[in-house]
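Peer 1: Given the structure of chain A, go ahead and fit chains B, C and D onto it with the hints provided.
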Amino acid sequence: MNMPDPIYGLIYIFIFPGFLFLFAYALFLAFLDRKIAARMQQRVGPPFFQPFADFIKMLGKEVIDPAGVDRAIFDAAPLVALAAVITAYLYVPIIGNSPFAFQGDLVVVLYLMSLPTLVLFLLGWLSRNIFSAIGGIRSVTQLFIYEVPFFLALLTPAMMAGTWSISGIVLWQQKNMWFVFLQPISFVIALIGLQAKLERTPFDIPEAETEIVAGPWTELTGRRLAIMDLAIDVSMVVGSALIAALFLGGPMIPWAVTPIWLEGVIGFFLFLAKTLAVLLILSSIEVATGRIRIDQLNDIGWKYIAGASIVQVGIVLVMNYLWGSA
Amino acid sequence: MTESLTLDIVAGKMKEFGNAEQVRKNRIRITTPPDRVHEAIRMIQAIFGFDRLITISAVDNGRTLELVYHLTGPHRMVVSIAVELPRDQPAIPTTSDILPSAAIYERQIHDLFGIQFPGHPRLTKIILNEDWPQDEFPLRKDWEPHADTFYGGIRKERI
Amino acid sequence: MSVLREMFENLLSRPITILYPKEKVPVPGAFRGRVAITDEKCIGCSKCSLVCPAQAITMVEGQREVEFKGKNLTRKKRPQVKLYKCIRCGLCERHCPTGAIYLKNELSCSGTDREMVVT
Amino acid sequence: MPILSTAVSGRRGSDMPEVVVSIGPHHPALKEPVNFKVVVDGEKIVRLELDLSYNHRGIEKAAEQRDFVRVLPLMERVCGICSHAHSTAFAKGIEEIMQLEIPPRAQYIRTIIAELERMHSHLLWLGVAAHLIGFNTLFMWTWRDREAVQDTVEEMSGNRVHYGMNEVGGVRRDLTPAQVTAALGRLPNLEERINKYVDMVNYEETMLIRFRGVGKLSKEEALRYGTVGPTARASGVDYDIRKDDPYLAYADAPWSVVTDTNGDVYGRTRVRIWEAQESLKIIRYCLENLPEGPIRVPAPKHAPKGEILSRYEAPRGELAHFIRTNGTDKVERVDIRTPTLANWTSVAMCLVNQNIADIPVIVAAIDPCLSCTSRITLLDKRTKRTDIISFDDLSRRMCSRDHGQE
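Here the protein sequences come in this chain order: A, B, C and D. When we follow our numbering, the leftmost residue of the first sequence carries the number 1, and every step to the right adds one. When we follow our numbering, the leftmost residue of the second sequence carries the number 1, and every step to the right adds one. When we follow our numbering, the leftmost residue of the third sequence carries the number 1, and every step to the right adds one. When we follow our numbering, the leftmost residue of the fourth sequence carries the number 1, and every step to the right adds one.
Since the hints were made in silico from the structure, they are not lab data. The beta carbon of each residue, even a glycine, is placed where N, CA and C say it ideally should be. Honestly, I wouldn't trust all of these hints.
[Said to hold, decoys possible] Taking beta-carbon pairs under 10 Å as the criterion, some of the chain A residues facing chain D (in silico):
no.: 1; residue: R43
no.: 2; residue: P46
no.: 3; residue: P47
no.: 4; residue: I130
no.: 5; residue: I134
no.: 6; residue: Q174
no.: 7; residue: P202
no.: 8; residue: E211
no.: 9; residue: I212
no.: 10; residue: A288
no.: 11; residue: I294
[What the hints assert, rightly or not] Quick list of in silico lysine to aspartate or glutamate cross-link-like pairs, DMTMM-like style, CA-CA up to 25 Å:
no.: 12; chain 1: D; residue 1: K37; chain 2: B; residue 2: E130
no.: 13; chain 1: C; residue 1: K104; chain 2: D; residue 2: E64
no.: 14; chain 1: D; residue 1: K61; chain 2: B; residue 2: E21
no.: 15; chain 1: C; residue 1: K104; chain 2: D; residue 2: E154
no.: 16; chain 1: C; residue 1: K22; chain 2: D; residue 2: D252
no.: 17; chain 1: C; residue 1: K24; chain 2: D; residue 2: E155
One chain only, chain A, in its complex shape (with noise of 0.2 Å):
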């Protein structure tokens, strides 16, 4: 790996497509989230900068502490949350390859992934408030559920490229064909997980605004609640692009364009165009859905989703084999 320019690392990360364009791509996905569901049905939904205007009013909210709080923490949890999925979004490629890849980061990048899942379960315990802490214990739990088959799946494409990291199953891709016909079964369980990673129905269990309020979100308040809300928003950018990249073959195209800005520019939209389609899937899943419970839900993810993942593992390892062999 070789250390990328300094200054075209520095606006990598902070302007674009870093922190400042994934900021405004994240509100962005959330207005569209939240526009299709909208449309599906029938309402008008909100306007463009909805997300963007809840975002501010949320920052100059009053932060209320729930009485016996640890303050530092509660402070803390959300920007760790944020932290964590801003830094997995470096190592998915958008234009072209990131400079910051290297072997391996699609195992850090799934570890980051979960960090904001942990934050929450912590902030439900530490709300002092039982629906909190009712909410962040659903959250654990569904972590187990379907943390397991998410691994699987997203690690069945590194396992048929050969290597660990995202840009190298991007290249893999770009030579032979999307994994998403390679393995649908994959995919579909990556979507399954991706949904459930972000908390969105039939999967929203540990904020089931029905039951226990909000879950760990009851008392998120201010710019704790903001910034909690813009962690879980970057991960479904995070989330999207990642799954672009693993199975939709990420912003590569399989031909080479002569000036190399241009291939960039061409990557910029297909990364726009699979990440907006993937969250139509998304959109439609959780529109289509009720929300389950959790003893279903632990029915159906060990029984079926663990299982078909690893149905999947089996049938690449058979692949891979038969193509080593061949």
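Peer 2: Structure of chains B, C and D alone, referenced to chain A:
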């Protein structure tokens, strides 16, 4: 739907509990003394299969407190068993042991009319708030809110 | 999956909700809205104030020459409706002998003035 | 209540204090103020205590002080969803005491409004139930289609909620031919939508998974606990006042009592949506065969001495108004037994041993209307310690246990 009951059948079987009268089509009213209500309900359940309690109505008619138990069954006939209780120290044995759904109505009547139901498993405040003063029963005709009593919730001068 | 089909049909059709202050819903002609009084028709019989379940109508001084069933009379009082006590049940309209008090099909807005009256 | 102790399973041998989750009176799942103190073990409910006394408004007392003209708007305001049910039940009782014969046109108009009300109530309920399981799409769709019903009612009566159609002796407003045509014009579309919901209720997996087997109530239990309306009919009890004790135009209209044998929330959903279909039939019949004639008869100011139990099949179940008059222009006593009150006992019974996640669904399955009810029930005889425990106790307990699924 089984055969519909007529006044004669009901009146004949329930003669010992008091006189029955046909109030209107498919409504029969039996007036009975308070201490026989339990027995009458059990009897009417056993003989005619009345399996459902519609409600227990309470009325303060100025002189006495009246309770009316309305029962119905598969024959879709409503039999009302009416009793009268004295205004001071009104009490009647509970029917919640034979009619589980009666418990909730009895508690409501206990709250609003101050009728005691000996044998009721949990005769606490149900419709009024917990800090409602004892011995004030708002649906009795002679009840007047007192200016100096706190009825829970909002003070009277603000009502 | 009829839900999926309907979802995507809806995605392509117009939303059914409206942006309220900019667009208005049609109010049916029979709507019971804000109460109104035609002072010329009122004969001051105070029937409306008697039937009003919310006791929103009080009779105030309002002497006037009125005509009712061909007779010329002098009424002493006229009704005054406390708008925010009114529940818009329409009983006053139903019982008014001359049709002087009626409900318009105009939305009665919320407000902060508890003592606002319609005369 | 003694019945509960048999149904409560003993806690599985732990001396830990019980966890009490206090839900309400302000909670997103509850549309009206009610408080549940739910004693849970993990995600399972051990038992619960209901506290329903947050909006007692003293309507029964207030009704004793108003004459028959002014009491009807009050009766409508007992409940927002079934406002017509209350005012019709009351008017029907008073008319029977006065021995007034209501003209058939008035009967039909009352029936039309009553069935429209039932339809909108059931659609509303379906939406709320879907919302409670997080299926917001169905919530939005049913409420969208409910607007058609509401618009019809608004056109006919002048208000979406408090219709104000009843008065002692008939109805206040007549239906013009234009209104009848408009209402009939809306029906085919509505019918198509309701048929779609019937399909969805029966085949939509996301609803089946949450509704099936939840809050089960057998036929015997349903009778024993005095359940009424769709809750009872879902358990196979075919009590329906419209058939048992026909009033208004129900004896003329072609319709049948809907029952189901499932007895769970799924059954209640099916009964409700099927009932909406039956309502459509009744409305269509009544609109098409609306008799000519006057819409009211003059009612005397005073009612003779008498008493009546006026029963009415409200959308939520049997509504009973016990009315006693004493020869004046006011009632001596009106005792309103709302369907929700009759159903509470069964709710408390079927919640035991269910998941916390199912509380909203089970409670909503009886379509509770607390503004009608406003009563407290505290359903347990056993004197087990159930304090609201401190957070430290909770965390100690939670840390010490395995929180996997049970």
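Peer 1: So, for every hint listed, does it hold in this structure?
Peer 2: Right, here's what the structure says about each hint:
no.	hint	verdict
1	R43	holds (6 Å)
2	P46	violated (15 Å)
3	P47	violated (19 Å)
4	I130	holds (6 Å)
5	I134	holds (7 Å)
6	Q174	violated (38 Å)
7	P202	holds (7 Å)
8	E211	holds (5 Å)
9	I212	holds (8 Å)
10	A288	holds (7 Å)
11	I294	holds (6 Å)
12	D:K37 with B:E130	holds (16 Å)
13	C:K104 with D:E64	violated (31 Å)
14	D:K61 with B:E21	violated (29 Å)
15	C:K104 with D:E154	holds (14 Å)
16	C:K22 with D:D252	violated (47 Å)
17	C:K24 with D:E155	holds (17 Å)
When each numbered hint is compared with the structure, violations occur for hints 2, 3, 6, 13, 14, 16.
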